[in-house]
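Number of protein chains: 2
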Amino acid sequence: MANALKIGVAGLGTVGASLVRILQTRANALAVACGRPITVAAVSARDASKDRGILMDGITWYADPVEMAKQADIDVFVELVGGSEGAAEDSVRAALVRGLHVVTANKALLSHHGVELAKLAEEKGRLLNYEAAVAGGIPVIKTLRESLTGNNFSRIYGIMNGTCNYILTRMEREGLSFADCLKEAQRLGYAEADPSFDIEGNDTAHKLSILTTLAFGCEISADKIYLEGITNISIEDIHAAADLGYRIKLLGVAQKTESGIEQRVHPTMVPLDSVIAQVDGVTNAVALESDILGELLMVGPGAGGEATASAVLGDITDIAKSRPGAQEVPVLGRPAHLLEPYRQAEMQSHEGGYFIRLTVQDRTGVFASIATKMAENAISLESIVQHSKQPVTPDRPQTIILVTHATMESAVRKAVGAIKGEGYLIGEPQVIRIERPKT
Amino acid sequence: MANALKIGVAGLGTVGASLVRILQTRANALAVACGRPITVAAVSARDASKDRGILMDGITWYADPVEMAKQADIDVFVELVGGSEGAAEDSVRAALVRGLHVVTANKALLSHHGVELAKLAEEKGRLLNYEAAVAGGIPVIKTLRESLTGNNFSRIYGIMNGTCNYILTRMEREGLSFADCLKEAQRLGYAEADPSFDIEGNDTAHKLSILTTLAFGCEISADKIYLEGITNISIEDIHAAADLGYRIKLLGVAQKTESGIEQRVHPTMVPLDSVIAQVDGVTNAVALESDILGELLMVGPGAGGEATASAVLGDITDIAKSRPGAQEVPVLGRPAHLLEPYRQAEMQSHEGGYFIRLTVQDRTGVFASIATKMAENAISLESIVQHSKQPVTPDRPQTIILVTHATMESAVRKAVGAIKGEGYLIGEPQVIRIERPKT
Chain A
1 MANALKIGVA GLGTVGASLV RILQTRANAL AVACGRPITV AAVSARDASK
51 DRGILMDGIT WYADPVEMAK QADIDVFVEL VGGSEGAAED SVRAALVRGL
101 HVVTANKALL SHHGVELAKL AEEKGRLLNY EAAVAGGIPV IKTLRESLTG
151 NNFSRIYGIM NGTCNYILTR MEREGLSFAD CLKEAQRLGY AEADPSFDIE
201 GNDTAHKLSI LTTLAFGCEI SADKIYLEGI TNISIEDIHA AADLGYRIKL
251 LGVAQKTESG IEQRVHPTMV PLDSVIAQVD GVTNAVALES DILGELLMVG
301 PGAGGEATAS AVLGDITDIA KSRPGAQEVP VLGRPAHLLE PYRQAEMQSH
351 EGGYFIRLTV QDRTGVFASI ATKMAENAIS LESIVQHSKQ PVTPDRPQTI
401 ILVTHATMES AVRKAVGAIK GEGYLIGEPQ VIRIERPKT
Chain B
1 MANALKIGVA GLGTVGASLV RILQTRANAL AVACGRPITV AAVSARDASK
51 DRGILMDGIT WYADPVEMAK QADIDVFVEL VGGSEGAAED SVRAALVRGL
101 HVVTANKALL SHHGVELAKL AEEKGRLLNY EAAVAGGIPV IKTLRESLTG
151 NNFSRIYGIM NGTCNYILTR MEREGLSFAD CLKEAQRLGY AEADPSFDIE
201 GNDTAHKLSI LTTLAFGCEI SADKIYLEGI TNISIEDIHA AADLGYRIKL
251 LGVAQKTESG IEQRVHPTMV PLDSVIAQVD GVTNAVALES DILGELLMVG
301 PGAGGEATAS AVLGDITDIA KSRPGAQEVP VLGRPAHLLE PYRQAEMQSH
351 EGGYFIRLTV QDRTGVFASI ATKMAENAIS LESIVQHSKQ PVTPDRPQTI
401 ILVTHATMES AVRKAVGAIK GEGYLIGEPQ VIRIERPKT
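Chains as they are written, first to last, in full-length UniProt numbering: chain A, 1 to 439; chain B, 1 to 439.
So here's chain A without its partners, still in its complex pose (with noise of 0.2 Å):
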């Protein structure tokens, strides 16, 4: 058997610990599948006294990561430290400059400085994995990478934020506003004391960006990614779209267009009948399309320590399955230096098809104005209803839906205008794209 592959793991939160004890507990099965044993010869975090259930026996304890990728004695660096600068990214550019394999779930550090890293790691011939960072144990990361090689995409999209996810599904079976299931949410750890980051896609982005580039080879952009939260979705929409057929779901979506690379995080009707719809709580869903492959949907656990621990462990498998230096998969696909420029295709261009209700004053002509707005901006509609479960009386509030069939954001965006001109809506019109899956 082929010498012991060293690990070091930084960052011992509730991911970091999972894995410690995994390799530990399980280290006879894996020296089995791998070839060779793994062992954990550092970890470093913060407290030292913290009882984490991890056998320190052979074990150097590092209080800094940086120090611990510049100096331990050990094969491979694994950041579990979390954030786009910092101790993250200082220790894992150490550990590449000194010629170790990294593991990382970092999707904010990658989203970032991933091309530069890549570059890094293929100037060293290391492999620089992070299975883990985009939806949780969900390998989509590999399956870009490797799997679908040689394949051109056309879209990929997919329900990466669990937060969301869970928040939308308790509104839809229970009824409840959105405040109260971000609230139970958070109750549950499901979300975090400031959860912004979550319900405004940001968390979504990130993940996007780093697929777009395996998918698209070209840059990551995370900063260019059109960006819509779930925090203005009411159960009336969430009920108007059940009428209709649909479901909403924060979708991520990177689309090929002829002006460029779509990149858009935002809320999303999908057809109730679709298997992506039935994609429920914290679960994640990724779907990727091409030309030679057709369509394929993964749906799994995106979050959770174990879940993410089982995706490190596939990547440091990956590696003590390979003679040090031997296997040499492109961090991002491609090699880093061929990555072409990101071209942004403009959102004013995206065509689709669009939920759009408003609520009205019920005065005579208000549906022929709306209907004469969508037709002046050629918007064909699929329906266009009065939503009400009341009989209509003068004057009193009245919800108008639309769904038109596909067409340009730019006309709708033109047409939304026209008719806020027109002085008879109540409140804000709510706009909401619709995917359509083809599984």
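It is possible that some hints are incorrect.
To be verified - Taking lysine-lysine and the PhoX-like style, the derived pairs with C-alpha atoms no more than 20 Å apart in a straight line are:
#	chain 1	residue 1	chain 2	residue 2
1	A	Lys438	A	Lys256
2	B	Lys224	B	Lys256
3	B	Lys119	A	Lys321
4	A	Lys224	A	Lys256
5	A	Lys321	B	Lys124
6	A	Lys124	A	Lys6
To be verified - Listing some non-contacts, in silico: residues in chain A with all C-beta distances to chain B over 10 Å:
#	residue
7	Ala45
8	Ser49
9	Gly83
10	Glu85
11	Lys183
12	Pro195
13	Leu381
14	Glu382
15	Lys420
No wet-lab data here; the hints were simulated from the structure.
Since this is a predicted model, take the numbers as computed values, not measurements.
A virtual CB, placed ideally from N, CA and C, is assigned to each residue, including glycine.
With chain A fixed as given, assemble chain B onto it according to the hints.
Chain B alone, transformed into the frame defined by chain A:
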């Protein structure tokens, strides 16, 4: 850039011809992603004169795949001949003996000779890749073999035969009989002229046997799988299932039990709101349940020339990205000489819910008699309903549907046997197992 990887493709049917075309038309993109060119150096098929849209410049033609495996100037032998014996087996064996890497899409070959071939590949230090052998374009082999190393599996199951799923989907959607849907599937090319291998479950069993080995670390035992096809499923079963909130799918299931590993292929009722219930038509799906990851479900094209070629291509690019002979992923998840003997669980010990449909002469006491036979075998019922849309009249056949809580297969068989002995049944009882997905 490193030397070209030279490929020989044996078998130029739909998959083989697609593969060669893709390798030729995407040569540049593949060379970028793999860091070296991939060239098709040899092909083998019976008819040399047929136009397959392939450029034959620089390609050596072999009429005999075994001769190609033994003599061609290639690094990788791609077997797309098919069949568990004969030219497929001989050529793969010859290629491995000679020290070539092998890629195959041949589930029959692997389910019969997989362990032997894996030993041979591992002795020679060569790769034997077979992503396309199970569930076509879904990367389930790589996921089990690489991503989930270290996980302990409790259950794996899936829809792995597109023909059966197509037939069941159409029966439900259009209220057609099994026979009519089979004819339609044959007309559309989704079913063979002799469909028995698909509809009796053998094809699913071959695929399941390979997944079982990867998940549970035991030798392949395709001949010890409990088999029940879909020929017996009627439109009445499908309607009754829907009424109870279920849909019928042909599943292959492998499950760890106290007495060993259960492997079974049979029509199965899955809850309508489960994700797998939404998998329609020729699409495949595979679910993996393990202790660290939780549940992962993958949905995608299970057959078709292009989707299968995509999986074969992934296997080839994996080899291209490694220095020859450098990567050492064990063929079957752990080194073949360390696989454990297959310990078969008795089907009689299977535990689960059951749907039982009985047609009875409607006379006094039948309902009570059925309930008593169930109770005598300690079977707890979730529901027992007289399923009829017409009013009950004496001596008119009535349908009675029972759904049990989790119970033993042996108890169900005894109870059904006892009911048959009472003489009031018309025709055969229908018994369909219920499976509860976690997602």
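Going through the hints against the structure:
Straight-line distance between C-alpha atoms of Lys438 (chain A) and Lys256 (chain A) comes to about 16 Å, which keeps the hinted pair within the 20 Å bound. Taken as a hint, the Lys224 (chain B) and Lys256 (chain B) pair is honoured in the structure, with Cα atoms around 15 Å apart against an allowance of 20 Å. Note on Lys119 (chain B) and Lys321 (chain A): the hinted pairing holds, with a Cα-Cα distance of about 17 Å set against a maximum of 20 Å. For the suggested pair Lys224 (chain A) and Lys256 (chain A), the alpha carbons sit about 15 Å apart, so the restraint of at most 20 Å is met.
Between the alpha carbons of Lys321 (chain A) and Lys124 (chain B) the distance comes to roughly 16 Å, so the proposed pair stays at or under 20 Å and holds. Between Lys124 (chain A) and Lys6 (chain A), the direct Cα distance comes to roughly 18 Å. Compliance with the 20 Å bound is thereby established for this hinted pair. Distance check on Ala45 (chain A): its Cβ is at least 21 Å (rounded) from any Cβ of chain B, clearing the 10 Å threshold; non-interface status holds. Consistency note on Ser49 (chain A): stated as away from chain B, and its beta-carbon is indeed over 10 Å from all of that chain's, at 27 Å minimum.
Here Gly83 (chain A) stays apart from chain B, with its beta-carbon at least about 25 Å from theirs, past the 10 Å limit. Every CB of chain B is more than 10 Å from the CB of Glu85 (chain A) (nearest about 29 Å), matching its label as outside the interface. Annotated as non-interface, Lys183 (chain A) keeps its C-beta farther than 10 Å from every C-beta of chain B; the closest such distance is 26 Å. Every CB of chain B lies more than 10 Å from the CB of Pro195 (chain A), the least distance being 23 Å, so the non-interface label holds.
Under the 10 Å C-beta cut-off, the non-interface status given to Leu381 (chain A) relative to chain B holds; the minimum distance is some 28 Å. At roughly 23 Å, the least C-beta separation between Glu382 (chain A) and chain B is larger than 10 Å, which holds for a residue marked as non-interface. Distance check on Lys420 (chain A): its Cβ is at least 38 Å (rounded) from any Cβ of chain B, clearing the 10 Å threshold; non-interface status holds.
Consistency with the previously given hints is maintained throughout, with no hint failing.
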